[in-house]
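Top line first, the protein sequences correspond to chains V and A.
Take the first sequence: its letters are residues 1 to 515, numbered as in my numbering.
Take the second sequence: its letters are residues 1 to 316, numbered as in my numbering.
Take the hints with a grain of salt, since some may be wrong.
[Unchecked claim] Here are the simulated lysine-lysine pairs, DSS-like style, with alpha carbons at most 30 Å apart:
(1) V:LYS144 x A:LYS50
(2) V:LYS118 x A:LYS278
(3) A:LYS309 x V:LYS194
(4) A:LYS278 x V:LYS180
(5) V:LYS458 x V:LYS67
(6) A:LYS278 x V:LYS255
[As the list claims (entries may be wrong)] Facing chain V, a subset of chain A residues (Cβ under 10 Å, in silico):
(7) THR20
(8) THR46
(9) GLU47
(10) LYS50
(11) THR149
(12) VAL159
(13) SER160
(14) GLY168
(15) PHE274
(16) LYS278
(17) THR289
(18) ILE290
(19) ALA293
(20) THR294
[Stated by the list, open to error] Selected chain A positions facing chain V (in silico; Cβ < 7 Å):
(21) THR6
(22) ILE154
(23) ILE263
Calculated from the structure, these hints are not laboratory results.
From the three backbone atoms N, C-alpha and C, an ideal C-beta is built for every residue, glycine too.
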Amino acid sequence: MKKRLLIFTLSLLMLITSACSTEQADVVATDTLIYGSSSDYTRLNPIFEEHGEINKLIFSGLTKYDKERNVQMDLAESILWNDSENAYEISIRNDAKWHDGQVVSSEDVAFTLNQIAKPENASEIASNYIDIKEIQIVDNKNLKIFMEEANSAFLGYLSIGIIPKHLLENENVSESSYNKAPIGTGPYKVKDFKQGQYVELERFDEYYGNKSTIKNLILKIIVDEKTRAMELKAGSIDLAQIGPMEIEMFQDKEKYNIFNNKTSDYRGILFNFRNPLFESVKLRQAISYSIDKEAIVNSVLNGYAEAAYSQLQRSEYNNENIEKYSYNPEKAKILLEEEGYTLVDGIYEKNGEKLSFEIISPEGDLVREQLSMAAAENMRAVGIDVSVNIAAYGSFSWDDMDAYLIGWGSPYDPDDHMYKVFHSEETATGSNLGAYSNPKVDEYLLKARRNFDKEKRKTDYALALEELANDPAFAMIAYVDAIYIASSKITGIESKILGHHGVGFLDDISNWKVD
Amino acid sequence: MKFLITRLLRAIIGLALLITALYFVLRIVTGDPLLAIYGERLNNLTELSKEQLRQTLGFDTTLIGGYIDYIKELCRFNLGRSYTYQQDVSSLIVPALKNTLVLMLSAYSIIFALAIPTGIYLASVRGKTIYCNLRKMGLLLHSMPEFWTAMILIMVFSVSLGLTPVSGMYELGKDTLFSRIHHMILPVTVIVISHLGFYYNFVSDKFTEEMKKIYVLGVKAKGLGQFKIWYIHMLKNVMSSLLALASVSFVHIVGGSYVVEYIFNYKGMGTLLFESAKNGDYPLLIGATIVTATMIMIFGIIIDYLTMKIDKRIEV
Numbered sequence: 001m002k003k004r005l006l007i008f009t010l011s012l013l014m015l016i017t018s019a020c021s022t023e024q025a026d027v028v029a030t031d032t033l034i035y036g037s038s039s040d041y042t043r044l045n046p047i048f049e050e051h052g053e054i055n056k057l058i059f060s061g062l063t064k065y066d067k068e069r070n071v072q073m074d075l076a077e078s079i080l081w082n083d084s085e086n087a088y089e090i091s092i093r094n095d096a097k098w099h100d101g102q103v104v105s106s107e108d109v110a111f112t113l114n115q116i117a118k119p120e121n122a123s124e125i126a127s128n129y130i131d132i133k134e135i136q137i138v139d140n141k142n143l144k145i146f147m148e149e150a151n152s153a154f155l156g157y158l159s160i161g162i163i164p165k166h167l168l169e170n171e172n173v174s175e176s177s178y179n180k181a182p183i184g185t186g187p188y189k190v191k192d193f194k195q196g197q198y199v200e201l202e203r204f205d206e207y208y209g210n211k212s213t214i215k216n217l218i219l220k221i222i223v224d225e226k227t228r229a230m231e232l233k234a235g236s237i238d239l240a241q242i243g244p245m246e247i248e249m250f251q252d253k254e255k256y257n258i259f260n261n262k263t264s265d266y267r268g269i270l271f272n273f274r275n276p277l278f279e280s281v282k283l284r285q286a287i288s289y290s291i292d293k294e295a296i297v298n299s300v301l302n303g304y305a306e307a308a309y310s311q312l313q314r315s316e317y318n319n320e321n322i323e324k325y326s327y328n329p330e331k332a333k334i335l336l337e338e339e340g341y342t343l344v345d346g347i348y349e350k351n352g353e354k355l356s357f358e359i360i361s362p363e364g365d366l367v368r369e370q371l372s373m374a375a376a377e378n379m380r381a382v383g384i385d386v387s388v389n390i391a392a393y394g395s396f397s398w399d400d401m402d403a404y405l406i407g408w409g410s411p412y413d414p415d416d417h418m419y420k421v422f423h424s425e426e427t428a429t430g431s432n433l434g435a436y437s438n439p440k441v442d443e444y445l446l447k448a449r450r451n452f453d454k455e456k457r458k459t460d461y462a463l464a465l466e467e468l469a470n471d472p473a474f475a476m477i478a479y480v481d482a483i484y485i486a487s488s489k490i491t492g493i494e495s496k497i498l499g500h501h502g503v504g505f506l507d508d509i510s511n512w513k514v515d
Numbered sequence: 001m002k003f004l005i006t007r008l009l010r011a012i013i014g015l016a017l018l019i020t021a022l023y024f025v026l027r028i029v030t031g032d033p034l035l036a037i038y039g040e041r042l043n044n045l046t047e048l049s050k051e052q053l054r055q056t057l058g059f060d061t062t063l064i065g066g067y068i069d070y071i072k073e074l075c076r077f078n079l080g081r082s083y084t085y086q087q088d089v090s091s092l093i094v095p096a097l098k099n100t101l102v103l104m105l106s107a108y109s110i111i112f113a114l115a116i117p118t119g120i121y122l123a124s125v126r127g128k129t130i131y132c133n134l135r136k137m138g139l140l141l142h143s144m145p146e147f148w149t150a151m152i153l154i155m156v157f158s159v160s161l162g163l164t165p166v167s168g169m170y171e172l173g174k175d176t177l178f179s180r181i182h183h184m185i186l187p188v189t190v191i192v193i194s195h196l197g198f199y200y201n202f203v204s205d206k207f208t209e210e211m212k213k214i215y216v217l218g219v220k221a222k223g224l225g226q227f228k229i230w231y232i233h234m235l236k237n238v239m240s241s242l243l244a245l246a247s248v249s250f251v252h253i254v255g256g257s258y259v260v261e262y263i264f265n266y267k268g269m270g271t272l273l274f275e276s277a278k279n280g281d282y283p284l285l286i287g288a289t290i291v292t293a294t295m296i297m298i299f300g301i302i303i304d305y306l307t308m309k310i311d312k313r314i315e316v
């Protein structure tokens, strides 16, 4: 009896599995790539958020960045700077079409930029475009953008995806159903969007640029990092970003290619200058010397990182000849003693007050949590009483905190995460969260923004970085790598430097092949 | 009837307290709600945008005013609008609730369908080696965390054997019943494994106790078969305590299935709750919590009602 039951169950199981495996076989055709995406998509529209891997597939902008991160024309045929009028003269290419077949016009460009500026759309990138004074439509294919001031990073900001006026004119863009089934101008069009499950993209055959050989691109949503690794292992997805601890599972070179991409994404400790404690330059330098970056890179980040010293370390605008703050606890102690601190029971004191502060690390970011704990331990070893508070956004305010585990990085134009992060005027409205203020840094950053000459900009940034090293706004810790695992059936992937959170891996998808 | 009314009233008061507590805790704990939504990215917004957002999201109201507005809308079954999805919360919750109910009720019925016979079997072999082993295994299974069990099962059945899908709710592009069932095998198994042991141990204890009662000897003397004794006479008598267990366990299984949903990327109430908490999407967070609480309360009332019907001695 028992035996018969066992045989029955087994044959039933085999039946089910054989049915499934045939089903899987015809879905995974050779011209299909399945990408494991780490978060659910809420609105497929480029104008709201800063990060959005998928937006570059569905949409395209007037300009784009090439591999060397130089700005190239994309939807625009040419962009000319008219110095006397302080305006960009833009003409749009004739062969660009929307996924619904309509022709792209200058009206669409003006519409997009106006929507970004609209406060009710709450666009995160609105501050990139505040220099626009007026947009004038010349004709169907030509327009002029009048600027308040010249801004060398602006051409790069024009890489933002354009959205169609003819579909959104009478809609509330922020709430429109368009955001679930968008029509763009990019290399892929949206075929199906199942919220929380996947987005199915299909190659747009009338795309004006380089067409990919991959016909179907499916972005499958797998939020959990470990589950994503398992999907790769099971072969049900072809490509995904994973964490540094999962990499050991993919050593089989026959089956997987590991892309350990350098990023411009750094982590460091932000000092809050509203707290008088951090007025002391020597204290901040001492903190920088007391963190053993190399050890942190090898332990917390499993070696998939690099010790950080500059905010533009992965950019061609970097300055290598600045203080790198290599681990030097003795020097840290000397600096603290010069500043008038004395060591009492293992902790430094000044005027009877203990040298003590708290680092806030945002909840849910495991790497930042571990980085802050490791750095705090290093500082305690030197004699600074540092505690770590893992807190959810909203439960603390930038005004009252001591220090914060920050992450930034400019993959493209250096202006992006330099001006708004370190210029003193960006304290209230920009991203200068710690209220850092250094008139020299202000001057160099503004000069670099207004300068169009690359060599001159390099000098400006070199000076700004030197000043930022001598009078630190952050105690820099590490540049974290973005690790992608690709099935070996994908060929043609080039290694490149990625942005904040590893964004940009799919940029060269038009050169990939799936065998 | 009187029973139903008092139970409903109690449930409503409970819910009202929960909603009030949730609302105030979230408004007070989160200094700037916009910061909770946007995190570091908040500073990318222009001042005008921030103003506008505070208005549209209702943060320019006073604490009490906002609360009254929220309750008013709630009475019209309007749970508000999700910040991240820019969609009505109810339009997100309804499909998620369906998915969760399917997953949970499948697991729930399998757990009880297996726990009762296993428990009875255990009680009947009390003292033997198999009894000790099964009891220990039950405890062990119950102590394994769900995410860990899930990873082990995925590793064995999906990665090594290739029998089941790793995650998701259905095959890409093939939302069929078969595909849905296929994708539910592992999540349901994980929930069943992590609860079954506890419940069959409970059932076994109950039956062991029941065996000591005189009437069991009586029916035995009447010459009734083993099956009839266990499954008709004794089961009827322990039913009320099993139902009480069912009522309590519902909460545990809800919690368990929420974790499992997240791991398997099963779009249900659990994933909605995790996501909304992560993104500071408070309307969605409060909405999902209220719906979960209501679900648990309704289930509690049903169980209490059944208990009363079965065992007339119990006055609820």
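Status of each hint after checking the structure:
Distance hint between V:LYS144 and A:LYS50 is fulfilled; the C-alpha atoms sit about 29 Å from each other, no more than 30 Å. This hinted pair checks out: V:LYS118 and A:LYS278 have alpha carbons roughly 27 Å apart, not beyond 30 Å. Between the alpha carbons of A:LYS309 and V:LYS194 the distance comes to roughly 44 Å, so the proposed pair goes past 30 Å and is violated. For the hint linking A:LYS278 to V:LYS180, the alpha-carbon distance of about 22 Å falls within 30 Å, and the restraint holds.
The suggested pairing of V:LYS458 with V:LYS67 holds, with an alpha-carbon distance near 19 Å, which does not exceed 30 Å. In summary, the hint linking A:LYS278 to V:LYS255 is not supported, as the alpha carbons are separated by about 34 Å, beyond the 30 Å threshold. Interface hint status for A:THR20: violated, as the beta-carbon distance to the closest one in chain V is roughly 20 Å, over 10 Å. Interface hint status for A:THR46: upheld, as the beta-carbon distance to the closest one in chain V is roughly 5 Å, under 10 Å.
Contact between A:GLU47 and chain V, as hinted, is supported at the beta carbon level, the nearest pair being about 6 Å apart and thus within 10 Å. Interface restraint check: A:LYS50 against chain V, minimum CB-CB distance 8 Å, threshold 10 Å, status holds. Because the closest C-beta pair between A:THR149 and chain V is about 13 Å apart, greater than 10 Å, the hint is violated. Given hint, A:VAL159 at the interface with chain V, holds; its Cβ is 5 Å from that chain's nearest Cβ, closer than 10 Å.
Taking 10 Å as the C-beta contact cut-off toward chain V, the hint placing A:SER160 at the interface holds, the least distance being around 9 Å. With a least beta-carbon distance of about 6 Å to chain V, the hint placing A:GLY168 at the interface is held under the 10 Å criterion. For A:PHE274, the interface hint holds, since its Cβ comes within 10 Å of a Cβ in chain V; the closest pair sits about 8 Å apart. Because the beta carbon of A:LYS278 sits about 6 Å from the nearest beta carbon in chain V, less than 10 Å, this interface hint is met.
A least Cβ separation of about 16 Å between A:THR289 and chain V goes past the 10 Å threshold, and the interface hint is therefore violated. Proximity of A:ILE290 to chain V is violated relative to the hint, the smallest CB-CB distance being about 20 Å (cut-off 10 Å). Because the beta carbon of A:ALA293 sits about 22 Å from the nearest beta carbon in chain V, more than 10 Å, this interface hint is broken. Taking 10 Å as the C-beta cut-off, the interface hint given for A:THR294 is violated, the closest approach to chain V being about 22 Å.
A least Cβ separation of about 39 Å between A:THR6 and chain V goes past the 7 Å threshold, and the interface hint is therefore violated. The closest approach between the C-beta of A:ILE154 and any C-beta of chain V is roughly 5 Å, which is under the 7 Å cut-off, so the hint is satisfied. The beta carbon of A:ILE263 comes within 5 Å of a beta carbon in chain V, closer than 7 Å, and the hint placing it at the interface holds.
Comparing the model with each numbered hint stated earlier shows that hints 3, 6, 7, 11, 17, 18, 19, 20 and 21 do not hold.
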